[in-house]
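Enquirer: Sequence:
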Amino acid sequence: MSNDPMSHRRSPRFCVTPSQNSPTKLTNSNSATNKSSKSRSSNASFFIGDPIPDDEARLRWPYRYQNKRQRKNCGNSATVDDDEDELVLDVRCHYSQAAVLKGVFELGDCAYVKGEKGKKNFVGKIIEFFKTMDDEDYFRVQWFYRAEDTVLGDEGKPHDEKRLFLSDVMNDNLLDCIVSKVKIIHVPASVDLKPKSLSGFDFYYDMKYFVDYTTFSAVVDDEVGLSSCDSMNKIQEDGLQPNFWNFSSPKPHKSELALLDMYSGCGGMSTGLCLGAKLAGIDLVTRWALDINKSACESLRLNHPKAQIRNEPAEDFLHLLKEWDKLCKQYVGDAGNKTRSSSRTQKQLNSKLQSQRSVNSKSKKRSSSDEFEVANLVDICYGDPNESGDHGLHFQVRWAGYGPSEDTWEPIVALSNCQERVQDFVLKGSKVGILPRPGDVDVICGGPPCQGISGYNRFRNVDNPLDDERNRQIVVFMDIVEFLRPTYVLMENVCDILRLANAQLVKYAISRLVLLKYQASLGIMAAGCYGLPQFRLRVFLWGAHPNERLPQFPLPTHDVVLRYGAPSKFERNVVAYDENQSRSLEKALVLEDAISDLPPVTNYEARVEMSYRKPPETEFQKYIRADECDMLNTSRGTAQKRRVLYDHRPEQLSEDDYLRVSKIPHKKGANFRDLPGLIIGKDNVVRRDPASDIRLPSGKQLVPDYAINFTDGKSLRPFGRLWWDETVPTLLTRPDTHCQAILHPNQDRVLTIREFARLQGFPDYYRFCGSVKERYCQVGNAVAVPVSRALGYAMAMAAQKLTGKGPLMTLPPKFSHTTTAEFLRSSSEKNSPL
1 MSNDPMSHRR
11 SPRFCVTPSQ
21 NSPTKLTNSN
31 SATNKSSKSR
41 SSNASFFIGD
51 PIPDDEARLR
61 WPYRYQNKRQ
71 RKNCGNSATV
81 DDDEDELVLD
91 VRCHYSQAAV
101 LKGVFELGDC
111 AYVKGEKGKK
121 NFVGKIIEFF
131 KTMDDEDYFR
141 VQWFYRAEDT
151 VLGDEGKPHD
161 EKRLFLSDVM
171 NDNLLDCIVS
181 KVKIIHVPAS
191 VDLKPKSLSG
201 FDFYYDMKYF
211 VDYTTFSAVV
221 DDEVGLSSCD
231 SMNKIQEDGL
241 QPNFWNFSSP
251 KPHKSELALL
261 DMYSGCGGMS
271 TGLCLGAKLA
281 GIDLVTRWAL
291 DINKSACESL
301 RLNHPKAQIR
311 NEPAEDFLHL
321 LKEWDKLCKQ
331 YVGDAGNKTR
341 SSSRTQKQLN
351 SKLQSQRSVN
361 SKSKKRSSSD
371 EFEVANLVDI
381 CYGDPNESGD
391 HGLHFQVRWA
401 GYGPSEDTWE
411 PIVALSNCQE
421 RVQDFVLKGS
431 KVGILPRPGD
441 VDVICGGPPC
451 QGISGYNRFR
461 NVDNPLDDER
471 NRQIVVFMDI
481 VEFLRPTYVL
491 MENVCDILRL
501 ANAQLVKYAI
511 SRLVLLKYQA
521 SLGIMAAGCY
531 GLPQFRLRVF
541 LWGAHPNERL
551 PQFPLPTHDV
561 VLRYGAPSKF
571 ERNVVAYDEN
581 QSRSLEKALV
591 LEDAISDLPP
601 VTNYEARVEM
611 SYRKPPETEF
621 QKYIRADECD
631 MLNTSRGTAQ
641 KRRVLYDHRP
651 EQLSEDDYLR
661 VSKIPHKKGA
671 NFRDLPGLII
681 GKDNVVRRDP
691 ASDIRLPSGK
701 QLVPDYAINF
711 TDGKSLRPFG
721 RLWWDETVPT
731 LLTRPDTHCQ
741 AILHPNQDRV
751 LTIREFARLQ
761 GFPDYYRFCG
771 SVKERYCQVG
781 NAVAVPVSRA
791 LGYAMAMAAQ
801 KLTGKGPLMT
811 LPPKFSHTTT
821 AEFLRSSSEK
831 NSPL
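With the UniProt record's numbering, letter number 367 in the sequence shown gets 367, and the count goes up by one each step, no holes.
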């Protein structure tokens with residue numbers, strides 16, 4: 001797929017069917033096989049009554065009477081865009097009824113349709129009866145899919161066997177393919193049916209399924225259109241008993257939404273979502289965040305000071321959420337009747353409590369006979385903070401007369417005599433929202449760690465990836481979604497999740513969402529398509545409350561060329577324009593657009609802060625240098641903030657590597673092959689020149705063996721220089737000159753932390769914590785901010801029900817490099833009266 005524009009995709013010649021059991025294949029096969037079975041068709045099945053008047057039939061089914069050019073231009077994608085669906089065009093007349101095996105069928109009836117021998121029959125809705133010029137009797141069917149017939153495959157097995165999904169796939173079949181009638185009811189997705197209700201019908205459906213973007217979306221009543229299928233308004237009449245799922249009731253549009261950022265890293269996804277939502281007029285606020293990396297949490301805390309940030313494993317966080325919910329139910333609901341431990345105060349904590357707590361080694365004043373007063377509880381966690389083997393719920397205790405350095409972590413069982421202090425902590429914590437409870441979170445986003453998924457991992461479990469502990473975070477992520485029940489879910493991961501084990505992990509994630517009655521949609525997005533000079537292809541999975549609008553994927557804003565693509569089975573998930581779709585795209589960005597304004601620094605630069613020295617030179621640079629107030633359209637107050645450039649410093653090269661880099665020419669395409677002492681063969685393999693042995697002062701060879709042997713001597717990456725007019729490959733977690741082209745175009749060093757951050761779209765005001773290596777790692781692991789910004793805008797538009805139908809939307813002009821302040825000002829000017 002090289003040199004194909006990423007901003008649009010080819011129209012596939014054949015429809016990609018969800019599974020080998022898809023009705024689109026087998027019924028077409030049945031139709032082809034049975035076309036010659038005219039006598040059998042006439043004996044077993046036939047039409048009833050007079051034909052539908054010709055003028056009425058032409059109005060209802062115009063595509064039957066159009067030639068190929070007319071059908072191509074009619075735009076009726078629901079009926080003619082399926083490339084595997086070859087419409088029967090030699091139609092004589094249409095009918096409204098048919099007799100099949102002594103049963104009478106009408107248009108709109110649901111029916112079993114013959115499947116492959118030895119397998120289940122298919123299920124569909126009859127939308128046409130017609131006779132051909134050759135006197136053959138046909139019907140057209142719109143298919144219902146079982147869960148296992150969708151993209152979910154084996155991951156669909158946990159779903160209720162009676163649950164179906166209404167697809168947009170239709171095709172023509174001979175009339176005698178009909179087996180029998182089926183009773184199907186439509187149930188809103190936010191409703192579950194109690195077990196004793198399941199005998200009143202054959203199947204039910206609550207969602208639509210589309211192959212494009214692997215979309216499961218809610219069905220509204222005006223889309224049902226099934227004459228013999230019951231909808232929800234008949235459920236009570238039939239004595240069926242619905243049970244509403246444990247979703248928070250649909251909320252009216254709110255101007256502020258609360259966000260939980262799981263596996264947050266330094267905050268690339270949540271920062272972008274908040275910036276994008278603000279463009280659509282909604283304040284999305286990062287209220288809670290979680291990551292196991294301490295320095296990443298410090299970076300997030302520095303940039304989101306009001307967020308509750310927890311540095312702990314996600315499994316412990318889930319346990320903590322459940323325990324916190326229990327505490328809130330116990331204490332907050334009974335705040336007027338505080339539980340006190342008889343008449344004793346905390347000043348008389350006995351030695352039993354003292355023996356159960358871990359005494360801080362810094363306290364030399366305590367003895368075994370001392371009694372201590374609990375001043376207050378300052379924090380809560382679930383785990384083993386004392387590394388004592390006691391894994392469970394703990395409180396951080398502040399002791400009277402001691403400072404924070406003397407705090408200790410105590411298990412909740414050791415605080416049985418401190419109910420008043422526990423209740424005070426829970427009441428206060430509930431008021432300020434230190435932890436979310438079910439119904440508190442509007443959005444959960446996160447990228448479960450991909451160590452067991454990435455193609456860079458040679459030891460991954462390719463057969464059963466869910467058995468690999470490194471992949472269990474996807475399960476934990478979905479468990480947290482199930483417990484908190486947010487309105488929206490956004491999961492991100494590397495594209496290898498679609499390649500490993502037939503995409504089992506992503507199918508599991510989609511299946512969990514759909515089991516939880518969430519709508520879902522899967523898209524593959526390239527960072528370069530949204531205003532970055534970096535390719536970076538990533539997978540995004542939306543989930544949405546069944547009563548809300550499913551967020552769309554924003555179409556590209558920049559014309560980027562694709563060097564590597566998505567797996568073939570998921571080509572229809574690439575977020576891109578169709579070939580025949582009109583578009584207005586901006587020119588792709590290159591390295592010069594992003595970093596040409598930054599001051600020169602050396603390999604040994606160590607300053608954390610410096611001045612810019614010159615003004616921005618491109619629209620990207622003007623945007624990326626904007627302050628936080630312009631980005632979020634907030635008040636600056638009275639003080640004018642000084643413009644400072646942070647983290648414009650590189651990882652320092654070793655002395656040997658620095659000497660090597662200093663000899664790499666300042667030209668496009670330069671790399672280790674430009675060093676002396678090498679021979680490039682006709683087979684493009686690099687070898688040492690036996691007549692030359694060039695050594696560094698350390699005694700090591702100028703050209704190391706690892707560079708020569710990398711990818712069998714054909715690589716151009718070791719000690720490679722980037723160039724100003726290039727879009728760079730995907731950034732990794734460190735600038736390793738041994739296996740990447742990561743050298744600055746005309747400075748003898750690797751790209752700095754700030755240059756990495758710009759290529760990921762982090763605004764210049766965004767700061768990072770930790771060592772130099774930790775900061776590179778945080779930036780390299782982050783979701784590209786412009787991509788999450790576009791997704792945040794799409795989500796906010798969906799929350800306000802301002803989006804149309806379909807999985808894709810178009811972003812406003814100049815979206816990528818316009819600050820929120822400029823965007824809202826421009827929108828206000830456009831909408832102001834003349």
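Simulated from the structure, these hints should not be mistaken for lab results.
Be careful, since some hints might not be right.
[Said to hold, decoys possible] Keeping only pairs whose Cα atoms sit at most 25 angstroms apart, straight-line, the calculated BS3-like set for lysine-lysine is:
#1 K131 with K162
#2 K830 with K814
#3 K114 with K162
#4 K428 with K322
#5 K622 with K814
#6 K208 with K805
#7 K428 with K326
#8 K667 with K682
#9 K162 with K120
#10 K181 with K208
#11 K117 with K157
#12 K117 with K183
#13 K714 with K668
#14 K114 with K208
#15 K667 with K587
#16 K830 with K773
#17 K157 with K120
#18 K119 with K183
#19 K114 with K131
#20 K181 with K102
#21 K208 with K120
#22 K254 with K801
#23 K622 with K587
#24 K162 with K254
#25 K714 with K682
#26 K801 with K773
#27 K254 with K306
#28 K294 with K830
#29 K700 with K663
#30 K119 with K131
#31 K306 with K322
#32 K254 with K773
#33 K119 with K569
#34 K700 with K208
#35 K117 with K254
#36 K587 with K714
#37 K208 with K131
#38 K587 with K814
#39 K306 with K428
#40 K120 with K181
As the structure is a prediction and not an experimental result, all values here were calculated from the model.
Enquirer: Give a verdict on every hint.
Expert: Here is how each hint holds up against the structure:
Only pairs whose Cα atoms come within 25 angstroms are accepted, and K131 paired with K162 is rejected, the gap being roughly 33 angstroms. Restraint check: the Cα-Cα separation between K830 and K814 comes to about 14 angstroms, which is no more than 25 angstroms; the hinted pair holds. Under the criterion of a C-alpha separation no larger than 25 angstroms, the hint pairing K114 with K162 is consistent with the structure, at around 18 angstroms. Restraint check: the Cα-Cα separation between K428 and K322 comes to about 18 angstroms, which is no more than 25 angstroms; the hinted pair holds.
For the hint linking K622 to K814, the alpha-carbon distance of about 13 angstroms falls within 25 angstroms, and the restraint holds. For the suggested pair K208 and K805, the alpha carbons sit about 13 angstroms apart, so the restraint of at most 25 angstroms is met. At roughly 15 angstroms between alpha-carbon atoms, K428 and K326 fall within 25 angstroms of each other, so this suggested pair holds. For the hint pairing K667 with K682, the CA-to-CA distance comes to about 23 angstroms; that is within 25 angstroms, so the pair holds.
Straight-line distance between C-alpha atoms of K162 and K120 comes to about 13 angstroms, which keeps the hinted pair within the 25 angstroms bound. Between K181 and K208, the direct Cα distance comes to roughly 21 angstroms. Compliance with the 25 angstroms bound is thereby established for this hinted pair. Straight-line distance between C-alpha atoms of K117 and K157 comes to about 21 angstroms, which keeps the hinted pair within the 25 angstroms bound. At roughly 23 angstroms between alpha-carbon atoms, K117 and K183 fall within 25 angstroms of each other, so this suggested pair holds.
With a CA separation close to 18 angstroms, the supplied pair K714 and K668 stays within the 25 angstroms bound. At most 25 angstroms may separate the alpha-carbon atoms for a hinted pair to count; K114 and K208 meet this at roughly 22 angstroms. Among the hinted pairs, K667 with K587 is consistent with the structure: their alpha-carbon atoms are about 24 angstroms apart, no more than 25 angstroms. A threshold of 25 angstroms between alpha carbons decides the hint, and for K830 with K773 the separation of about 46 angstroms lies outside it, so the pair is violated.
A hinted pair counts as satisfied when its Cα atoms are at most 25 angstroms apart, and K157 with K120 qualifies at roughly 14 angstroms. Proximity of K119 to K183 is assessed by CA-CA distance (about 20 angstroms); at most 25 angstroms being required, the pair is judged to hold. In summary, the hint linking K114 to K131 is supported, as the alpha carbons are separated by about 20 angstroms, within the 25 angstroms threshold. With a CA separation close to 11 angstroms, the supplied pair K181 and K102 stays within the 25 angstroms bound.
A hinted pair counts as satisfied when its Cα atoms are at most 25 angstroms apart, and K208 with K120 qualifies at roughly 21 angstroms. Restraint check: the Cα-Cα separation between K254 and K801 comes to about 12 angstroms, which is no more than 25 angstroms; the hinted pair holds. With a C-alpha separation of about 17 angstroms, the suggested pairing of K622 with K587 holds against the 25 angstroms cut-off. Among the hinted pairs, K162 with K254 is inconsistent with the structure: their alpha-carbon atoms are about 36 angstroms apart, more than 25 angstroms.
The hinted pair formed by K714 and K682 meets the criterion: a straight-line CA distance of about 11 angstroms does not exceed 25 angstroms. About 43 angstroms separates the Cα atoms of K801 and K773, which puts this hinted pair outside 25 angstroms; it is violated. For the given pair, K254 sits about 20 angstroms from K306 by alpha-carbon distance, which is consistent with the 25 angstroms threshold. Distance restraint check for K294 and K830: the Cα-Cα separation of roughly 46 angstroms exceeds the 25 angstroms cut-off, and the hinted pair is therefore not satisfied.
With a C-alpha separation of about 15 angstroms, the suggested pair K700 and K663 falls inside the 25 angstroms cut-off, and the hint holds. Restraint check: the Cα-Cα separation between K119 and K131 comes to about 29 angstroms, which exceeds 25 angstroms; the hinted pair is violated. Under the criterion of a C-alpha separation no larger than 25 angstroms, the hint pairing K306 with K322 is consistent with the structure, at around 23 angstroms. This hinted pair does not check out: K254 and K773 have alpha carbons roughly 41 angstroms apart, beyond 25 angstroms.
For the proposed pair K119 and K569, the alpha carbon gap of about 24 angstroms is at most 25 angstroms, so the pair holds. Taken as a hint, the K700 and K208 pair is broken in the structure, with Cα atoms around 64 angstroms apart against an allowance of 25 angstroms. Only pairs whose Cα atoms come within 25 angstroms are accepted, and K117 paired with K254 is rejected, the gap being roughly 53 angstroms. Among the hinted pairs, K587 with K714 is inconsistent with the structure: their alpha-carbon atoms are about 32 angstroms apart, more than 25 angstroms.
For a cut-off of 25 angstroms, the pair hint linking K208 to K131 is broken: about 30 angstroms separates their Cα positions. Straight-line distance between C-alpha atoms of K587 and K814 comes to about 11 angstroms, which keeps the hinted pair within the 25 angstroms bound. Distance hint between K306 and K428 is fulfilled; the C-alpha atoms sit about 16 angstroms from each other, no more than 25 angstroms. For the hint pairing K120 with K181, the CA-to-CA distance comes to about 15 angstroms; that is within 25 angstroms, so the pair holds.
Consistency with the previously given hints fails for numbers 1, 16, 24, 26, 28, 30, 32, 34, 35, 36, 37, ordered from lowest to highest.
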